[in-house]
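Visitor: Residue numbers (the working numbering): 13 to 178.
Each hint should be verified, as a subset may be incorrect.
[Unchecked claim] In the DMTMM-like style, the derived pairs of lysine to aspartate or glutamate whose C-alpha atoms are separated by at most 25 Å in a straight line are:
hint, residue 1, residue 2
1, Lys30, Glu50
2, Lys96, Glu36
3, Lys113, Asp55
4, Lys76, Glu116
5, Lys30, Glu104
6, Lys66, Asp114
7, Lys29, Glu62
8, Lys48, Asp114
9, Lys58, Asp33
10, Lys48, Glu104
11, Lys66, Glu116
12, Lys96, Glu41
13, Lys66, Glu41
14, Lys66, Asp85
15, Lys76, Glu104
16, Lys29, Asp102
17, Lys29, Glu50
18, Lys48, Glu62
19, Lys109, Asp55
20, Lys66, Glu36
21, Lys96, Asp85
22, Lys66, Asp14
23, Lys76, Glu50
24, Lys57, Glu116
25, Lys76, Glu106
26, Lys29, Glu104
27, Lys24, Asp85
28, Lys38, Asp85
29, Lys58, Glu116
30, Lys30, Glu116
31, Lys66, Glu106
32, Lys48, Asp102
33, Lys24, Glu50
34, Lys24, Glu104
35, Lys96, Asp14
36, Lys66, Glu104
37, Lys57, Asp114
38, Lys30, Glu41
Derived from the structure by calculation, the hints contain no laboratory data.
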Amino acid sequence: MDNLRWYALYTKPRWEKKVADLLELKQIENYCPLQKIERNWSDRKKVILEPLFKSYVMVRLAPKAHIPVLQTDGVLGFVTFQGKPAVIRDIEIETVKQFLKDYEHIQVERIDVNINDEVTIINGPLMQQKGQVQEVGGKMVKVMLPSLGFALVAIDKSNLAKGSSQ
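Given the sequences, and given the hints that come with them, work out the whole structure.
Guide: Structure below.
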């Protein structure tokens, strides 16, 4: 049985890609979601890859295999919940990957874990995904990724139906 779990690492500021590369050299499975951002300089425009989550890299490890990760340059520690490294569900990692495939210009907002509505996405690329919504405004809604403490904003509220997220 596969006992590998996803965890979030907190990195030094602007070290996300470097930490991901160092973990790769150690043959540690990791995921640093990147999105294309257009930057304007005085003489040109350039498209760069920027981390979706500032100062975070996800790693997939066995529960007791944390030491090599913590010994990696740029890693400040694990994101914890009640004193233990917080486990990220596989579906949340897959949701981020799907979001990056299907949308551009994703806005990431930090959220509280106080949750209001439970919803099912009824249309669009994330159809059948269940989650919890903190806030709906205009035509956009926040899709909760509770174990990361983030929300991805880009779903039209007409694509939601109230219902259980379990």
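Visitor: Compare the structure with each hint and give your call.
Guide: Structure-based check of all given hints:
1. The suggested pairing of Lys30 with Glu50 holds, with an alpha-carbon distance near 21 Å, which does not exceed 25 Å.
2. The hinted pair formed by Lys96 and Glu36 meets the criterion: a straight-line CA distance of about 24 Å does not exceed 25 Å.
3. This hinted pair does not check out: Lys113 and Asp55 have alpha carbons roughly 30 Å apart, beyond 25 Å.
4. Among the hinted pairs, Lys76 with Glu116 is inconsistent with the structure: their alpha-carbon atoms are about 36 Å apart, more than 25 Å.
5. A distance of roughly 23 Å separates the Cα atoms of Lys30 and Glu104; the hinted pair therefore holds under the 25 Å criterion.
6. A C-alpha spacing of about 20 Å is found between Lys66 and Asp114, which places the hinted pair at or below 25 Å, so the restraint holds.
7. As the CA atoms of Lys29 and Glu62 are separated by approximately 9 Å, the hinted pair is consistent with the 25 Å bound.
8. At roughly 13 Å between alpha-carbon atoms, Lys48 and Asp114 fall within 25 Å of each other, so this suggested pair holds.
9. The suggested pairing of Lys58 with Asp33 holds, with an alpha-carbon distance near 23 Å, which does not exceed 25 Å.
10. Only pairs whose Cα atoms come within 25 Å are accepted, and Lys48 paired with Glu104 is accepted, the gap being roughly 21 Å.
11. Note on Lys66 and Glu116: the hinted pairing holds, with a Cα-Cα distance of about 17 Å set against a maximum of 25 Å.
12. Straight-line distance between C-alpha atoms of Lys96 and Glu41 comes to about 20 Å, which keeps the hinted pair within the 25 Å bound.
13. Annotation: proposed proximity of Lys66 to Glu41 holds, straight-line Cα distance about 19 Å (limit 25 Å).
14. Between Lys66 and Asp85, the direct Cα distance comes to roughly 17 Å. Compliance with the 25 Å bound is thereby established for this hinted pair.
15. Proximity of Lys76 to Glu104 is assessed by CA-CA distance (about 22 Å); at most 25 Å being required, the pair is judged to hold.
16. Note on Lys29 and Asp102: the hinted pairing holds, with a Cα-Cα distance of about 21 Å set against a maximum of 25 Å.
17. Under the criterion of a C-alpha separation no larger than 25 Å, the hint pairing Lys29 with Glu50 is consistent with the structure, at around 18 Å.
18. Our distance criterion of 25 Å between C-alpha atoms is met by Lys48 and Glu62, whose separation comes to about 6 Å.
19. Restraint check for Lys109 and Asp55: the C-alpha separation of about 33 Å exceeds 25 Å, so the hint is violated.
20. Note on Lys66 and Glu36: the hinted pairing holds, with a Cα-Cα distance of about 19 Å set against a maximum of 25 Å.
21. A threshold of 25 Å between alpha carbons decides the hint, and for Lys96 with Asp85 the separation of about 21 Å falls inside it, so the pair holds.
22. For the hint pairing Lys66 with Asp14, the CA-to-CA distance comes to about 29 Å; that exceeds 25 Å, so the pair is violated.
23. Note on Lys76 and Glu50: the hinted pairing is violated, with a Cα-Cα distance of about 40 Å set against a maximum of 25 Å.
24. Note on Lys57 and Glu116: the hinted pairing holds, with a Cα-Cα distance of about 17 Å set against a maximum of 25 Å.
25. Only pairs whose Cα atoms come within 25 Å are accepted, and Lys76 paired with Glu106 is accepted, the gap being roughly 23 Å.
26. For the hint pairing Lys29 with Glu104, the CA-to-CA distance comes to about 20 Å; that is within 25 Å, so the pair holds.
27. Pair hint Lys24 plus Asp85 holds up; C-alpha atoms about 9 Å apart against a cutoff of 25 Å.
28. Of the pairs offered as hints, the one joining Lys38 and Asp85 holds, with about 12 Å between alpha carbons and a cut-off of 25 Å not exceeded.
29. Proximity of Lys58 to Glu116 is assessed by CA-CA distance (about 16 Å); at most 25 Å being required, the pair is judged to hold.
30. For the hint linking Lys30 to Glu116, the alpha-carbon distance of about 23 Å falls within 25 Å, and the restraint holds.
31. Distance check on the hinted pair: Lys66 and Glu106 sit about 19 Å apart at the alpha-carbon level, within 25 Å; holds.
32. Between the alpha carbons of Lys48 and Asp102 the distance comes to roughly 24 Å, so the proposed pair stays at or under 25 Å and holds.
33. As the CA atoms of Lys24 and Glu50 are separated by approximately 23 Å, the hinted pair is consistent with the 25 Å bound.
34. A threshold of 25 Å between alpha carbons decides the hint, and for Lys24 with Glu104 the separation of about 23 Å falls inside it, so the pair holds.
35. Using a Cα cut-off of 25 Å, the hinted pair Lys96 and Asp14 holds, with the two alpha carbons roughly 20 Å apart.
36. Distance hint between Lys66 and Glu104 is fulfilled; the C-alpha atoms sit about 17 Å from each other, no more than 25 Å.
37. Distance hint between Lys57 and Asp114 is fulfilled; the C-alpha atoms sit about 24 Å from each other, no more than 25 Å.
38. A C-alpha spacing of about 14 Å is found between Lys30 and Glu41, which places the hinted pair at or below 25 Å, so the restraint holds.
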